[in-house]
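**Q** Sequence:
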Amino acid sequence: MDLWNQLLGGFATAGTPINLMWAFLGCVIGTAIGVLPGLGPAVTVAMLLPITTQVEPTASLIFFAGIYYGAMYGGSTTSILLNTPGETGTMVTALEGFKMAKSGRAGAALATAAIGSFVAGTIATVLVTLFAPIVADFAVTLGPPEYFLLMLLAFTTVSAVLGKSTLRGMTSLFIGLALGLIGLDQITGQVRYTGGVPEFMDGIETVLVAVGLFAVGETLYMALYEGRSKAEVNKLSSVHMTRTEWKRSIPAWLRGTCIGFPFGTIPAGGSEIPTFLSYAVERKLSKHKDEFGTTGAIEGVAGPEAANNASTTATLVPLLTLGIPTSVTAAILLSALQNYGIQAGPQLFTTSSALVWALIASLYIGNVMLLVLNLPLVGLWVKLLKIPKPQLYAGILIFATVGVYGMRQSAFDLFIMLALGLTGVAMR
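Under our numbering, the first residue of the sequence shown is numbered 1, with each subsequent residue one higher.
Honestly, the hints are just simulated from the structure, not real lab data.
Every residue gets a Cβ at the ideal spot worked out from N, C-alpha and C, and that includes glycine.
Some hints here could point you the wrong way.
The calculated lysine-lysine pairs, modelled on DSBU-like cross-linking and capped at a C-alpha distance of 35 angstroms, are [as the list claims (entries may be wrong)]: (1) K247 - K284; (2) K289 - K102; (3) K102 - K287; (4) K102 - K284; (5) K247 - K287; (6) K247 - K102; (7) K247 - K289.
Per label pair, the in silico range of CB-to-CB distance [claimed, not checked]: (8) A419 - T188: 23 to 29 angstroms; (9) I250 - D290: 18 to 24 angstroms; (10) L8 - D202: 43 to 49 angstroms; (11) S353 - I250: 33 to 39 angstroms; (12) F349 - Q409: 35 to 41 angstroms; (13) V368 - P251: 19 to 25 angstroms; (14) P376 - L181: 42 to 48 angstroms; (15) L422 - D202: 20 to 26 angstroms; (16) Q409 - T188: 26 to 32 angstroms; (17) A411 - P251: 45 to 51 angstroms; (18) M427 - H288: 25 to 31 angstroms; (19) Q338 - P376: 34 to 40 angstroms; (20) G345 - T188: 26 to 32 angstroms.
Just need the whole structure built from these sequences, with the hints factored in.
**A** Here it is as structure tokens:
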């Protein structure tokens with residue numbers, strides 16, 4: 001009973017006009033940031049931190065949380081329409097979502113992504129409300145053996161997305177592994193595979209890899225080969241899902257939520273592993289395996305999108321109860337708390353109870369806002385396919401370049417992005 005009273009108190013605080021305004025503003029900015037490749041929530045929140053120092057702590061955190069999960073909603077849009085993930089967590093969405101768009105089912109893909117995000121986000125928020133201490137206690141018991149098994153599971157799930165060429169698929173896997181080894185070892189502090197280049201000391205950002213391989217790679221591929229191929233005519237479908245698509249999506253949403261939530265609660269869990277795992281599960285269980293990689297299977301969009309949003313919401317469990325951020329954006333949210341002199345951890349629910357429950361309540365409100373924002377605008381996103389491709393991909397390249405440069409203001413990152421883009425073209 002006490003829990004529900006605290007949650008109702010949180011709704012009373014989050015439901016004030018000023019906090020609703022901050023939640024709405026965060027959702028709008030987050031969705032826009034998610035749509036733009038390279039401009040992720042971590043960069044955005046970091047840039048806005050100095051501006052919000054004079055804002056009341058509860059309003060500021062509601063605003064930043066809106067940006068965080070709003071970006072997860074928006075990131076699927078360009079994955080589906082342009083094969084260009086706005087966020088690393090939506091890389092898997094591009095695999096089937098873009099195929100659906102090319103086969104004239106962009107509206108259904110965008111609809112299942114938006115509704116799946118809402119379903120997963122709401123269920124995950126309920127789980128945060130009810131089981132945060134229990135899940136956090138479980139997560140903190142994980143040791144090296146469990147992390148080894150987690151990484152082994154990640155490599156195993158890659159086999160589900162190798163494509164037609166096993167050689168190219170495995171080559172991509174080992175290139176990704178090699179890129180992940182560059183920089184300082186987090187345990188020993190040893191420098192690995194930098195080749196004496198100082199810029200490699202901090203490693204290569206996952207966002208940089210995603211933007212280089214997908215955004216730049218897609219742009220270069222279109223520039224090199226579009227003139228040789230027939231122009232593709234994308235038949236735009238209704239923005240609503242059919243009854244059959246609903247029946248196929250609902251189980252995928254629920255499975256994706258169950259897969260994504262636990263990964264969000266553990267350090268280094270991230271959203272990439274659960275989305276790939278969800279995709280592998282859907283591909284294994286689907287009765288329409290022939291659609292995967294060809295015309296696009298709706299389960300391949302519904303499951304990973306649900307897993308992505310569930311894992312994002314779940315990051316609040318270790319962040320609030322243990323003071324442990326499990327993602328880059330969560331780490332910046334932790335910095336925001338510290339800027340206000342608030343210490344995240346087990347005592348947070350006692351010392352700043354009103355703030356915590358207002359933040360949790362804002363997640364329910366934000367999910368409704370994002371559903372209302374995204375579903376009516378699906379038709380607008382679909383119309384992006386009508387933009388002439390030279391102008392469209394030039395715009396993507398500009399946004400990707402600005403986003404990558406904005407992460408560390410490093411021209412070196414731009415060269416890495418270009419090299420990864422060329423690698424992406426070669427691997428197609």
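**Q** Hint by hint, say whether it matches the structure.
**A** Verification of the hints:
For a cut-off of 35 angstroms, the pair hint linking K247 to K284 stands: about 17 angstroms separates their Cα positions. A threshold of 35 angstroms between alpha carbons decides the hint, and for K289 with K102 the separation of about 18 angstroms falls inside it, so the pair holds. Between K102 and K287 the CA atoms are separated by roughly 21 angstroms; this keeps the pair inside 35 angstroms, and the hint holds. Using a Cα cut-off of 35 angstroms, the hinted pair K102 and K284 holds, with the two alpha carbons roughly 23 angstroms apart.
Between K247 and K287, the direct Cα distance comes to roughly 12 angstroms. Compliance with the 35 angstroms bound is thereby established for this hinted pair. With a CA separation close to 22 angstroms, the supplied pair K247 and K102 stays within the 35 angstroms bound. Distance restraint check for K247 and K289: the Cα-Cα separation of roughly 16 angstroms lies within the 35 angstroms cut-off, and the hinted pair is therefore satisfied. In this structure the supplied range 23 to 29 angstroms holds for A419 paired with T188, their Cβ-Cβ distance being about 28 angstroms.
Separated by about 21 angstroms at the C-beta atoms, I250 and D290 satisfy the suggested range of 18 to 24 angstroms. A beta carbon spacing of about 45 angstroms between L8 and D202 agrees with the range 43 to 49 angstroms that was offered as a hint. Evaluation of the 33 to 39 angstroms hint for S353 and I250 yields a pass: the beta carbon distance comes to about 36 angstroms. Checked against the hint of 35 to 41 angstroms, the C-beta distance between F349 and Q409 comes to roughly 38 angstroms, which is consistent with it.
The given range of 19 to 25 angstroms is respected by V368 and P251, whose C-beta atoms sit roughly 23 angstroms from each other. Evaluation of the 42 to 48 angstroms hint for P376 and L181 yields a pass: the beta carbon distance comes to about 45 angstroms. Between L422 and D202, the C-beta spacing of about 23 angstroms keeps the proposed range 20 to 26 angstroms intact. The beta-carbon spacing between Q409 and T188, approximately 29 angstroms, falls within the hinted interval of 26 to 32 angstroms.
Judged by the Cβ atoms, the range 45 to 51 angstroms given for A411 and P251 holds: they are separated by roughly 47 angstroms. Remark: the range hint 25 to 31 angstroms for M427 to H288 is upheld by a beta-carbon distance near 27 angstroms. About 38 angstroms separates the C-beta atoms of Q338 and P376, a value consistent with the hinted range of 34 to 40 angstroms. Checked against the hint of 26 to 32 angstroms, the C-beta distance between G345 and T188 comes to roughly 28 angstroms, which is consistent with it.
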